[in-house]
Amino acid sequence: LLLSEIESLMANFVWNRGEASKIHWLAWSKLCKPCKEGGLGFRHLREFNIALLVKQAWKIALNPGGTLRSVLRHKYFPQSSFFAPGLGSFPSYTWRSVWGTQDLLVAGIRWKTGDGLSIQIFGQPWLPRPSTFQLIRWPISLLA
Numbered sequence: 001l002l003l004s005e006i007e008s009l010m011a012n013f014v015w016n017r018g019e020a021s022k023i024h025w026l027a028w029s030k031l032c033k034p035c036k037e038g039g040l041g042f043r044h045l046r047e048f049n050i051a052l053l054v055k056q057a058w059k060i061a062l063n064p065g066g067t068l069r070s071v072l073r074h075k076y077f078p079q080s081s082f083f084a085p086g087l088g089s090f091p092s093y094t095w096r097s098v099w100g101t102q103d104l105l106v107a108g109i110r111w112k113t114g115d116g117l118s119i120q121i122f123g124q125p126w127l128p129r130p131s132t133f134q135l136i137r138w139p140i141s142l143l144a
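Here my numbering is used: the first residue of the sequence shown is 1, the next is one more, and so on.
Check the hints yourself; a few may be wrong.
To be verified - In the PhoX-like style, the derived pairs of lysine-lysine whose C-alpha atoms are separated by at most 25 Å in a straight line are:
(1) Lys55 - Lys75
(2) Lys33 - Lys55
(3) Lys59 - Lys75
As the list claims (entries may be wrong) - Cβ pair distances, simulated, as ranges:
(4) Leu68 - Asn16: 33 to 43 Å
(5) Gly116 - Leu1: 38 to 48 Å
(6) Cys35 - Pro78: 43 to 53 Å
(7) Val14 - Arg110: 33 to 43 Å
(8) Trp58 - Ser8: 24 to 34 Å
(9) Ala27 - Phe90: 37 to 47 Å
(10) Phe48 - Tyr93: 12 to 22 Å
(11) Leu9 - Pro64: 14 to 24 Å
Because the hints were derived from the structure by calculation, they are not lab data.
Keep in mind that this is a model prediction, so the values were computed, not measured.
Glycine is no exception: its CB is placed at the ideal position from the N, C-alpha and C atoms.
The whole structure should be built from the sequences, with the hints applied where relevant.
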């Protein structure tokens with residue numbers, strides 16, 4: 001709701017040249033297109049906010065020395081990884097916001113197996129979705 005109001009104020013600022021002219025000649029969605037596509041390059045604030053939250057989630061998940069990660073890890077996931085914990089009881093606004101973007105982050109990342117110590121065999125997907133691989137069932141006679 002707040003982002004919609006801010007976008008409305010931005011649109012009014014763009015179209016108003018005084019008190020007399022208040023006609024919006026183009027929809028806000030068209031103004032938010034890149035300049036190459038005929039827009040003015042404004043951003044949809046909701047999408048931009050989500051992108052920044054996913055960036056913070058990325059830093060928390062992968063930057064072991066970060067201050068924000070240290071604080072959030074101590075409170076919300078002291079014994080597990082960033083991807084394992086739930087929302088918890090009485091979560092802060094920061095944690096709720098960042099935690100809400102985990103699905104987007106997980107959808108966009110790939111990780112290496114490494115030494116295998118942090119892999120949860122039954123809790124993590126092993127093949128990308130949608131799978132481009134076919135599972136092959138070998139005849140039992142070939143395996144024995």
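Hints versus structure:
1. The suggested pairing of Lys55 with Lys75 holds, with an alpha-carbon distance near 20 Å, which does not exceed 25 Å.
2. Only pairs whose Cα atoms come within 25 Å are accepted, and Lys33 paired with Lys55 is accepted, the gap being roughly 22 Å.
3. Restraint check for Lys59 and Lys75: the C-alpha separation of about 17 Å stays at or below 25 Å, so the hint holds.
4. The beta-carbon spacing between Leu68 and Asn16, approximately 39 Å, falls within the hinted interval of 33 to 43 Å.
5. With their beta carbons about 46 Å apart, Gly116 and Leu1 fall inside the hinted range of 38 to 48 Å.
6. Taken as a hint, the range 43 to 53 Å holds for the pair Cys35 and Pro78, whose Cβ atoms sit roughly 47 Å apart.
7. Restraint check, Val14 to Arg110: a C-beta distance of roughly 40 Å satisfies the suggested window 33 to 43 Å.
8. In this structure the hint that Trp58 and Ser8 lie 24 to 34 Å apart at CB holds, the actual value being about 31 Å.
9. Checked against the given bound of 37 to 47 Å, the beta carbons of Ala27 and Phe90, roughly 41 Å apart, stay inside it.
10. Evaluation of the 12 to 22 Å hint for Phe48 and Tyr93 yields a pass: the beta carbon distance comes to about 18 Å.
11. Here the CB-CB span from Leu9 to Pro64 is close to 40 Å, at odds with the stated 14 to 24 Å.
Comparing the model with each numbered hint stated earlier shows that hint 11 is the single one that does not hold.
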